[in-house]
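Engineer: Here are the chains, one letter per residue:
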Amino acid sequence: MAEFTLKLRRYDPESGEAAYWDHHTVDLEPHLSVLEGILQAKARFDGSIGIRCSCRAAICGSCGVRINGQPALACHTHLDQAMKGSRDGTIEVEPMGNMPVLKDLIVDMDAVHWSKIRRVTPWLINKQPVPEREYIVPHEAMVDVTQSMACIQCGACVSDCLSMEVDPLFIGPAALAKAYRFVGDPRDAQHSERLNDLAQDPHGIYDCTHCFKCIEACPKGVAPMSQIMRLRRISSRDHGIVDRNNGERHEIAFTNLVRDHGLLWEAELLPRSYGGDSWLAKFGPAAGQELLSSLPVIGKALLRGKVTPMGALKAHKLPDEDLQQVKRIYETVEGRDEAERYELNLYISGYDEDMEGAEGPAPDAATAGAQGGDGGMAGAESGQPGQSPERSPSR
Amino acid sequence: MPSHDVLIIGAGLAGQRAALAAADAGASVAILSKVHPVRSHSVAAAGGINAALKPEDTWESHAYDTVKGSDFLGDQDAIEIMCREAPDELLHLEHIGVTFHRNDAGELGTRAFGGASAARTYYVADITGQAILHVLYEQITKYHETVNSYEEWFTTSLIQDDEGTCVGCIARDIRTGEMELFNAKAVILASGGNGQTFKPTTNALICTGDGIAQAYAIGAPLMDMEMVQYHPTTLAENGFLITEGARGEGAHLLNSDGERFMEKYAPNKMELASRDVVSRAEQTEINEGRGVGADGQGILLDITVVPRKRTLEALREIVNIGKDFAGTDITREPIVIRPGQHYIMGGVKTDVHGQVPAVHGLYAAGEVACVSVHGGNRLGANSLLDTLIFGRRAGQHAAQRAKSMPMPTTPTSRLRQDLEHIDAIIARERTGRRISEIKDELGTMMNRNVAVYRDADGLATAHETVRRLKEEATTAYIDDRGTVFNQDVLGAIELGYMLDTAEATVMAAIERKESRGAQFRTDFPERNDDEWLKHIDISRNGDEEPHVTHSPVTMTHWELEERKY
Numbered sequence: 001m002a003e004f005t006l007k008l009r010r011y012d013p014e015s016g017e018a019a020y021w022d023h024h025t026v027d028l029e030p031h032l033s034v035l036e037g038i039l040q041a042k043a044r045f046d047g048s049i050g051i052r053c054s055c056r057a058a059i060c061g062s063c064g065v066r067i068n069g070q071p072a073l074a075c076h077t078h079l080d081q082a083m084k085g086s087r088d089g090t091i092e093v094e095p096m097g098n099m100p101v102l103k104d105l106i107v108d109m110d111a112v113h114w115s116k117i118r119r120v121t122p123w124l125i126n127k128q129p130v131p132e133r134e135y136i137v138p139h140e141a142m143v144d145v146t147q148s149m150a151c152i153q154c155g156a157c158v159s160d161c162l163s164m165e166v167d168p169l170f171i172g173p174a175a176l177a178k179a180y181r182f183v184g185d186p187r188d189a190q191h192s193e194r195l196n197d198l199a200q201d202p203h204g205i206y207d208c209t210h211c212f213k214c215i216e217a218c219p220k221g222v223a224p225m226s227q228i229m230r231l232r233r234i235s236s237r238d239h240g241i242v243d244r245n246n247g248e249r250h251e252i253a254f255t256n257l258v259r260d261h262g263l264l265w266e267a268e269l270l271p272r273s274y275g276g277d278s279w280l281a282k283f284g285p286a287a288g289q290e291l292l293s294s295l296p297v298i299g300k301a302l303l304r305g306k307v308t309p310m311g312a313l314k315a316h317k318l319p320d321e322d323l324q325q326v327k328r329i330y331e332t333v334e335g336r337d338e339a340e341r342y343e344l345n346l347y348i349s350g351y352d353e354d355m356e357g358a359e360g361p362a363p364d365a366a367t368a369g370a371q372g373g374d375g376g377m378a379g380a381e382s383g384q385p386g387q388s389p390e391r392s393p394s395r
Numbered sequence: 001m002p003s004h005d006v007l008i009i010g011a012g013l014a015g016q017r018a019a020l021a022a023a024d025a026g027a028s029v030a031i032l033s034k035v036h037p038v039r040s041h042s043v044a045a046a047g048g049i050n051a052a053l054k055p056e057d058t059w060e061s062h063a064y065d066t067v068k069g070s071d072f073l074g075d076q077d078a079i080e081i082m083c084r085e086a087p088d089e090l091l092h093l094e095h096i097g098v099t100f101h102r103n104d105a106g107e108l109g110t111r112a113f114g115g116a117s118a119a120r121t122y123y124v125a126d127i128t129g130q131a132i133l134h135v136l137y138e139q140i141t142k143y144h145e146t147v148n149s150y151e152e153w154f155t156t157s158l159i160q161d162d163e164g165t166c167v168g169c170i171a172r173d174i175r176t177g178e179m180e181l182f183n184a185k186a187v188i189l190a191s192g193g194n195g196q197t198f199k200p201t202t203n204a205l206i207c208t209g210d211g212i213a214q215a216y217a218i219g220a221p222l223m224d225m226e227m228v229q230y231h232p233t234t235l236a237e238n239g240f241l242i243t244e245g246a247r248g249e250g251a252h253l254l255n256s257d258g259e260r261f262m263e264k265y266a267p268n269k270m271e272l273a274s275r276d277v278v279s280r281a282e283q284t285e286i287n288e289g290r291g292v293g294a295d296g297q298g299i300l301l302d303i304t305v306v307p308r309k310r311t312l313e314a315l316r317e318i319v320n321i322g323k324d325f326a327g328t329d330i331t332r333e334p335i336v337i338r339p340g341q342h343y344i345m346g347g348v349k350t351d352v353h354g355q356v357p358a359v360h361g362l363y364a365a366g367e368v369a370c371v372s373v374h375g376g377n378r379l380g381a382n383s384l385l386d387t388l389i390f391g392r393r394a395g396q397h398a399a400q401r402a403k404s405m406p407m408p409t410t411p412t413s414r415l416r417q418d419l420e421h422i423d424a425i426i427a428r429e430r431t432g433r434r435i436s437e438i439k440d441e442l443g444t445m446m447n448r449n450v451a452v453y454r455d456a457d458g459l460a461t462a463h464e465t466v467r468r469l470k471e472e473a474t475t476a477y478i479d480d481r482g483t484v485f486n487q488d489v490l491g492a493i494e495l496g497y498m499l500d501t502a503e504a505t506v507m508a509a510i511e512r513k514e515s516r517g518a519q520f521r522t523d524f525p526e527r528n529d530d531e532w533l534k535h536i537d538i539s540r541n542g543d544e545e546p547h548v549t550h551s552p553v554t555m556t557h558w559e560l561e562e563r564k565y
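So the protein lines, in turn, are chains A and B. Residue numbers for the first sequence follow our numbering, beginning at 1 and rising by one. Residue numbers for the second sequence follow our numbering, beginning at 1 and rising by one.
Since the hints were made in silico from the structure, they are not lab data. Be a bit skeptical, because a hint or two may be false.
Each pair of labels, with its calculated beta carbon distance range [what the hints assert, rightly or not]:
(1) E437/B - H23/A: 44 to 52 Å
(2) H23/A - E259/B: 31 to 39 Å
(3) T209/A - R416/B: 50 to 58 Å
(4) E437/B - H31/A: 39 to 47 Å
(5) A111/A - H92/B: 27 to 35 Å
(6) D110/A - H95/B: 26 to 34 Å
(7) P138/A - E437/B: 37 to 45 Å
Positions of the beta carbon are idealized from the N, C-alpha and C atoms, including for glycine.
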């Protein structure tokens with residue numbers, strides 16, 4: 001047993017008072033969860049501490065909070081772990097961000113998270129005809145969308161989404177991961193319509209800024225940002241959707257500039273994102289208009305020395321050898337067949353030597369019984385350390 | 001005041017399935033739950049759902065396995081319905097979007113499960129309950145015009161008209177503290193079990209037997225309440241569930257000698273015998289000194305014999321649970337488990353349409369109900385099936401019933417009574433015990449005396465303790481005086497529900513003087529069909545001392561036999 005001091009953010013909407021910090025010292029095994037700590041404080045000292053919780057095992061998604069400033073499930077964070085991230089010797093627990101606080105650690109999920117989920121038409125629109133028996137679909141496709149199905153709707157990713165902080169209308173990581181669950185599902189009839197909808201929405205898939213916060217925040221390995229990137233790729237590459245937000249053109253301009261010059265050429269990025277993937281883009285009407293409206297920003301950047309006129313006119317220079325390396329990366333990635341398009345997936349782990357007989361019954365009882373005590377044997381045989389997701393083909 | 005044809009209380013699998021079925025049948029529907037629907041405890045169901053869908057499988061085989069699993073206490077007419085309708089229900093789930101595991105041909109694939117004579121468990125990795133629950137909620141969202149979802153509303157009581165017909169409920173909006181009377185032509189209880197009366201339990205904190213106690217309070221008998229399932233593999237540390245899917249995939253159970261001891265208890269089915277059989281075997285090993293762990297109270301579950309790649313794909317959740325909650329990499333070393341409270345076979349007695357015969361207008365489906373398809377012991381992966389089949393049937397039947405009747409009206413005076421009760425709890429002096437202390441004592445005591453092995457002395461102790469705790473609960477105090485998210489006062493009400501249902505469990509266990517299914521009496525170690533092939537019904541009938549009666553088991557095609565695995 002060890003003592004831990006919890007520093008809880010309290011807010012009582014009926015008191016008329018501002019939020020405040022409340023300290024409770026609990027006595028628990030260090031590997032128990034922060035939620036167990038809060039429940040002990042609630043049971044022993046103050047039953048009025050408000051927190052949603054139910055399963056205690058990271059499956060119901062109720063107890064999303066911020067612990068020492070980071071989004072997490074309270075039930076999924078060990079007390080000792082939390083202490084390591086402590087800023088002042090206490091474990092600081094606050095309500096999640098980007099959502100209004102109702103009381104203490106309880107936020108209004110419906111106003112933000114669930115309304116965004118409803119935004120993405122979150123139900124299957126069946127491919128017709130609906131078969132008499134099951135739809136015949138590839139094993140991999142079901143495993144693939146199961147990663148998005150693994151989302152427990154806890155809101156941790158929404159809590160710390162930087163894009164949503166800037167644009168509260170952004171559909172956001174959780175809802176877009178949910179959208180992928182239908183776009184990636186071969187039984188859905190409206191992939192194209194869904195993608196078009198999400199690409200054309202100014203708060204849709206192109207509103208994400210690749211900050212990786214949602215991937216870090218997700219306690220279930222759903223990797224929402226990866227699902228958003230897949231939506232973009234499928235939207236532009238497979239469905240040829242050119243959106244009115246210039247998202248698709250921006251991505252093409254970005255990747256082509258990096259391929260051609262090894263580094264990003266910032267001054268070219270804006271005109272090409274609006275005018276198309278060519279040096280002449282800046283003379284197109286759309287780019288011209290955008291350049292014009294960006295003049296104050298450009299002026300400020302020049303004044304503060306963020307860019308120089310010469311620097312803007314010329315691309316960054318990379319040593320030839322490095323440039324060739326960049327090009328080789330492009331050739332490798334772009335040279336792949338569609339079927340080989342590699343994706344990260346929680347449930348698909350790459351080939352390993354145990355694979356043989358994966359569907360069959362387990363090996364003989366007698367040998368297994370003998371190794372019950374030492375536990376090391378099975379581990380020694382397998383080359384791959386850890387259980388981190390490995391790269392694997394999908395789709 | 002909200003009025004609907006069909007009012008559903010609880011939004012897990014049974015509740016949501018009932019809501020969708022009632023809406024499809026043309027009813028206006030309200031579904032009300034004390035948590036957001038996707039937080040319901042169905043989310044924790046891991047392993048899968050049974051259906052005899054493969055061409056070479058038959059519903060008869062599934063039904064026989066279920067009858068045998070129930071130790072012949074299950075009602076065979078109900079079991080027949082469940083198993084016959086299972087394949088269509090499964091295909092329905094597939095059609096609305098559940099991402100079931102596929103075989104290499106792209107067809108639905110299965111895994112093996114306990115007590116089953118064929119591999120007929122369909123699954124989504126080890127998050128089957130979550131996947132189905134979330135897909136049903138997708139449908140609830142789609143049905144937003146016909147299904148009104150009241151999320152985070154706590155039901156305080158069921159209401160009856162002068163004839164005793166159930167015509168709605170009183171509920172509190174947790175977010176505002178406001179009380180509301182819901183009118184309905186039919187009420188379906190789908191609010192789950194009472195696992196929290198045991199400590200530890202695999203069940204979530206919300207599983208406090210609310211619906212069971214509410215129905216019981218208005219005269220519905222509770223059936224098979226003595227039948228409490230201890231799951232063979234719960235984490236020794238904290239009681240978290242390790243899915244039966246692990247053994248379905250081939251994992252072994254080992255004692256401190258490294259012996260695969262199930263050979264002694266169930267030589268044919270080994271680790272995949274019925275849950276009561278496996279839990280008892282484990283407890284026997286532990287009691288005879290062959291347990292593992294610091295206190296010798298554990299058993300080893302060895303998943304390392306399952307190919308690692310398969311474990312990572314199909315048992316992902318328990319890989320995480322092992323890592324996060326026990327510091328064990330289950331793909332590398334065995335994990336310490338023990339039997340732990342998991343499910344109650346008993347509940348509100350219903351017919352095969354989900355109707356509660358004793359209270360007109362009231363239905364129940366899922367763990368809150370006892371049809372009885374599980375009898376003395378539920379087979380793994382039959383609970384999801386039970387919730388869906390009887391949830392749907394209840395929804396359809398209630399919608400039909402609603403068509404031929406006017407909307408009842410209820411005087412709002414009933415509302416005041418519940419409000420006063422809540423105010424009285426809030427106003428209690430801080431002189432009694434804390435709610436949390438009573439809840440802890442109840443759980444620990446039940447787990448000691450009403451567990452895998454039971455006897456008259458332990459049960460008598462349990463009975464006395466529950467009665468004392470009921471008394472103490474009437475003066476137990478709370479801290480929260482507010483109205484917004486006053487979880488404290490709801491906890492006090494839940495404690496009352498838990499104590500009522502725990503009392504019924506203990507009384508039924510005392511009554512059944514034999515060993516059958518999950519009830520093993522060391523003082524009556526044999527099954528006694530001559531005297532005890534019958535259900536035990538506990539009802540309140542207004543008085544404080546519950547009333548014990550018996551009712552016959554429905555036998556159709558399957559004869560009694562000795563139960564061996």
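Engineer: Could you run down the list of hints and mark each one as holding or not?
Structural biologist: Going down the list of hints, with the structure as the test:
1. E437/B - H23/A: 44 to 52 Å: Hint violated: Cβ distance 23 Å, outside 44 to 52 Å.
2. H23/A - E259/B: 31 to 39 Å: Hint violated: Cβ distance 51 Å, outside 31 to 39 Å.
3. T209/A - R416/B: 50 to 58 Å: holds (54 Å)
4. E437/B - H31/A: 39 to 47 Å: Because 25 Å falls outside the window, the suggested range is violated.
5. A111/A - H92/B: 27 to 35 Å: Since the Cβ atoms of A111/A and H92/B sit about 33 Å apart, the hinted range of 27 to 35 Å holds.
6. D110/A - H95/B: 26 to 34 Å: holds (28 Å)
7. P138/A - E437/B: 37 to 45 Å: Distance hint for P138/A, E437/B is violated at roughly 55 Å.
Hint violations for this structure: numbers 1, 2, 4, 7, all remaining hints satisfied.
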